[in-house]
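Asker: Chains as they are written, first to last, in the UniProt record's numbering: chain A, 1 to 310; chain B, 1 to 521.
Treat the hints as calculated values from the structure; they're not laboratory data. Glycine is no exception: its CB is placed at the ideal position from the N, C-alpha and C atoms. Check the hints yourself; a few may be wrong.
[Said to hold, decoys possible] In silico DSS-like pairs for lysine-lysine, Cα to Cα no more than 27 Å straight-line:
{"no.": "1", "chain 1": "B", "residue 1": "Lys167", "chain 2": "A", "residue 2": "Lys172"}
{"no.": "2", "chain 1": "A", "residue 1": "Lys172", "chain 2": "B", "residue 2": "Lys89"}
{"no.": "3", "chain 1": "B", "residue 1": "Lys89", "chain 2": "B", "residue 2": "Lys41"}
[Claimed, not checked] Per label pair, the in silico range of CB-to-CB distance:
{"no.": "4", "chain 1": "A", "residue 1": "Ala102", "chain 2": "B", "residue 2": "Glu43", "range": "54 to 64 Å"}
{"no.": "5", "chain 1": "B", "residue 1": "Gly511", "chain 2": "A", "residue 2": "Asn99", "range": "47 to 57 Å"}
{"no.": "6", "chain 1": "A", "residue 1": "Ser269", "chain 2": "B", "residue 2": "Asn147", "range": "47 to 57 Å"}
{"no.": "7", "chain 1": "B", "residue 1": "Ala417", "chain 2": "A", "residue 2": "Val101", "range": "46 to 56 Å"}
{"no.": "8", "chain 1": "A", "residue 1": "Gly303", "chain 2": "B", "residue 2": "His289", "range": "14 to 24 Å"}
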Amino acid sequence: MSGAETGGDLGLWTVLLAVIGGAIRVSTPFLFVSLGETITERSGRINLGLEGTLVFGAMSAYATAVVTGSPWAGVLVAGLAGGVFGLLHGTICRFPGVNDVAVGIALMLFGSGLAFFLGKPFIQPSAPPLPAIPFGFWSDLPQVQAALRVNVLFLAGAALAPFLWWAFRNTKAGLVVRVAGDSADAARAMGYDVDRVRLYATGLGGVLAGVGGAYLSLYYPGSWNEGISSGQGLMAVALVIFARWNPLACFGAALLFGGAGALGPALQSVGVTQGYYLFYAAPYVLTLILLVATSSPDRALAGAPGELAK
Amino acid sequence: MTASTSPDPQTRPVSGAIGVETIGMTKRFGAFAALEDVSMKIEAGGFHALLGENGAGKSTLVKCVMGFYAPTAGTVLVDGREAEITNPKGAQARGLGMVYQHFTLVPSLTGAENLVIARADAPAVIDWAAERADFAAFMGRMPFRLNLDRPVAELAAGEKQKLEIVKQLYLKARFLILDEPTSVLTPAEAEEVLGLLRAMTDRGELSVLMISHKFREVEAFARSLSVLRRGRLVGGGDVGAISRDEMAALMMGERAVRQPIARLGAADPDRVILQVAGVTATDVSGLRHIAVEDLRVRAREIVGIAGVSGNGQKELADVLGGQIRATGGQVRVGGEPYAGTRAESRAHRVRFIPEEPLRNACAPRMSVAENLAFRAFDRRGEDPDKPPTLWLDRRAMGRRAKDLIARFKVKTASSEAAIATLSGGNVQRAVLARELTDPVDLLVVVNPCFGLDFAAVSEIRSRIVSARNAGAAVLLISEDLDEILELSDRVLVMSEGRLVYETPAAQADVGVIGRHMAGHH
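Looking at chain B on its own, in the form it has when it is part of the complex:
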């Protein structure tokens, strides 16, 4: 027997929490250091929170641990022993599991099929009777109740998230990494899920590393925390020893954060710009239905629609944007029926900024200048009010692009670069530049700041507020409740395809809104 201080793999317990430590983790993409010399230790049975802004290197760090990326330098210790993890399967074999921000479940398979096929030792012919008995016993020990016989595509976002966690536990993960696990959950669901995971860590069955930017969650459930900024570990310690202000200061570093400009003037009660009356629609999968009885947005008013992802907000936006047809009811803009055609949006000065603008509002491989010209490229002299033309006016397009790039501070190598080469914040700036330069009567925005950094967020929110101050009616559909509360004049809550609650923003109570988002009303 060799003299070794670390326990032999044979004698190691096959269950129970394991600890993970990173030593000097560094990851460079070309000249850019996404991660610089990060050493951090998560004890067995710990619940550690990893805080940081977008792009601070949180995802890069956990992807290096999970074997998605090969780190440029640094090592990972699993259970005190150096571990060479080169792919996610190797991580799984060592008891490491990760729940991603996007779902990794296969939509058309049932929950049970997803669990079995994810197992490394799935049998060639599956004995469903035996598997079902196993599941019953396994789910008995699980913190959540789930229906495993339905295809994943039919599950709500919260159920999918729970199934992702259950899957990792089913695969015998003893160290669980969660990437912003509560972004698709209602506040109550988040509490339930994190509470149960915390209880598992307290019993020594599991260690958890949670990426988060919700201070409340971190304080309520994590035991220790680390903060990353620009790829470096800038601080950390036990939860409770660090105040929220200190956490925020560590995350942001020293810089001025621009507050969005104030809302000026009140809504014009007589000018209803957007009116949605009795609209029903079904999404392309045929599974999600919406029924919006009455929604009005007046001139110089921002109406925010809050809700947990997947409760019909996307379908409502798709109806307004003309992507899906309403099966009943009517959308009226400026008193006339509106179906989202190009001619109608031009006539009524409607601007639509969908979520994920690079995918939904841009032609990714076309240049910034061309993307900026989409509104009026087919009009003489790039002017939407002039008659149509067959020939593109390249020179006018270029001039306009340069002007907009300067005015909206779009960072791009040149106006001829493909728009897909821009960062998320700059794509959104370019889209706003295109949509907000001409006078706007109605602006529909969906999750405008998703995945953007602080600087871009405050600037984009300011643009939306100034459009409102200039007299536009704004419908803001967002999954970020803070954004809704910050920008809106009036807050509505959407749940299970219906508008279930309305309150003036000034009197909004987060607890009441949260309850309605969760469907308890």
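Just chain A, same shape as in the assembly:
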């Protein structure tokens, strides 16, 4: 076997490993935001503000971890802050004539702006990172070990997806959310306060998006700066549509997007110097391709909550 072939072989494996590792590492914020948005959209409302919530969650988690020295306190604060943003969105949307998409865009800009403003002093200091579990301990290869270092938040998200899938079918709260999202009239006829259901669903969605932000600043990439999210919160909203509002499909879609996001850095790391920037765009291109491919001019989206179509 010649040296060049071995190198190429290792290069391919390295890219594959890096993509798998990246899928696990990069997917977590996608997963949390999309699960949160699934809850919100299943209740019949769209919250585009989750991008802002994600960025604010990242800032507040990082700042809290710097000040208290505990990354878990950071996660808690990020979740609370996200919940406040969600409740704010839900509260504003209760007023008659308010459009949830417009409010979402306003909150997206507000969340990011507030995070940049309050986060200025925290760009320099370093915060303690969230712990990861080395599932690759059995291997001697550093690439394998790196790929299989799995953060606890990823595991939490991976458990949350099947739980939500179960809860939408088997709990009263899950069914009420679906009723509110599919037919507000039916929900009112049953005596449920549709606005309140949506308020809580948006709040919960905000909590999850905030936690997703904590992962960004406290684990990967693991620092606080203004370009930390680069639109991941918005892509996660598109991902919900691609996943057909199904939490299990959200998990798969998040892994796919994570893997696509890891492609650029992986190619760069094995020494591809030309055109790897093109692969940095992979998640965005993937979003477009998937949305076009899974849509049809002749069919309504299967699984779309009825109230969203109005």
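Assemble the complex: chain A is given as a structure, and chain B must be docked to it using the hints.
Answerer: Just chain B now, kept in the frame of chain A:
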């Protein structure tokens, strides 16, 4: 213990029929009295029919009973005791249930999920194994067989209606209000459903109040009836003691009913205007498919397509109107392929009047004048044959609107009022005014008289017949079989997405048509 003649709630039986009585029910919306001093009593175990024209106050009355509306005056007695019902949940708690004309089931939930979540005491975590066992026992006592594991969206209209009734019984309704329950059922299904409910009332398990305007149904299943006209109770009594003519006279009051004008001349056998050949299509949900082998409509001919709602009529109309694309086959108008574009409909003089015209044929918040101008607003001088123009000719639009409003007797405050402020009949008149003033070769109409009162109905039907007499080919898709029989030269029946039966209207047999509508052929 207090001395009271009415039984204590604790000792009241928790099952069995209950009676309901209204005393002096009155409901005013502003100056308009929708309901005026209506007192009526439905005995426990009774099957009472409530008759009346559209707008007579039937729905208002039952909505007051169910707590949707707060009555302006009057009280409701449930089981002989005065009941303050302020919302539908309170009505449910007292054993009152209602099946609405529109479905209240949640489309994406399965039947079982719909039943459980409608229950006031739905558990936080649902034990589906236990619920399923409960359903099996409950459905064993039910008159209908239903698959509860399918999402409601996939059920046919008849199955949905049955599920609505089952839901009320599952919620332990002992007094059931049905708002025109058979409008989406085949004649055989209607017979089955009403027969089983009647049997339940005979056993003393249930009382039923049914809003209807089908005399045959009332005579076959109800035990007593009341007639409302313009918000007042004008008569009633035991079924059998009142003849059909008397019922009709009570409903209509004294006024001349204009019969539609007669069809003149015969269809032109050589001029096939509309030809649908082998067209297949699927609706947006992807669930309903249609396959229309061969449908021809000739000049000076009205072809009526009868069928129970949800058997593909809407999809056929959508293909003809260009709302959905055919997956196969071809639609030809005047011998040329037709896809429903604006240019094609202009060239072939095709007019399309969809159902629910306010939603599907109007821009509700734009003015009557603007809505009337949709056909030719982009042509010079509002004339469809002139070349296109960039600038709207407001003055010509206004002139034309005033002329059409006068000619078609559209009742509106002004030509500048939003069309959504008009009544249903006047919206339909305005749409007909827009579609029928210029020469028409092909007219497609869907449920043109749904929800309109008698006067508007006969006038609108006359307009359709005169378009035919003037030489137009008319395709009439309607769920109202009487309308089809009254207007058509030829009757077709659509069932499960296919045209399954054809007969000249002169030889039409309602029984045979009904069997084909029900899919038994």
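Asker: Give a verdict on every hint.
Answerer: Here's how the hints hold up against the structure:
1. B:Lys167 to A:Lys172: Between lysine 167 of chain B and lysine 172 of chain A the Cα gap is close to 17 Å, so the pair holds against 27 Å.
2. A:Lys172 to B:Lys89: Holds: lysine 172 of chain A and lysine 89 of chain B sit about 18 Å apart, inside 27 Å.
3. B:Lys89 to B:Lys41: Holds. Lysine 89 of chain B to lysine 41 of chain B sits at ~22 Å (cutoff 27 Å).
4. A:Ala102 to B:Glu43: 54 to 64 Å: holds (56 Å)
5. B:Gly511 to A:Asn99: 47 to 57 Å: Given a distance of about 54 Å, which is inside 47 to 57 Å, the answer is holds.
6. A:Ser269 to B:Asn147: 47 to 57 Å: holds (55 Å)
7. B:Ala417 to A:Val101: 46 to 56 Å: Given range 46 to 56 Å: violated, Cβ gap about 31 Å.
8. A:Gly303 to B:His289: 14 to 24 Å: Distance hint for glycine 303 of chain A, histidine 289 of chain B holds at roughly 20 Å.
Of the numbered hints listed earlier, the single one contradicted by the structure is hint 7.
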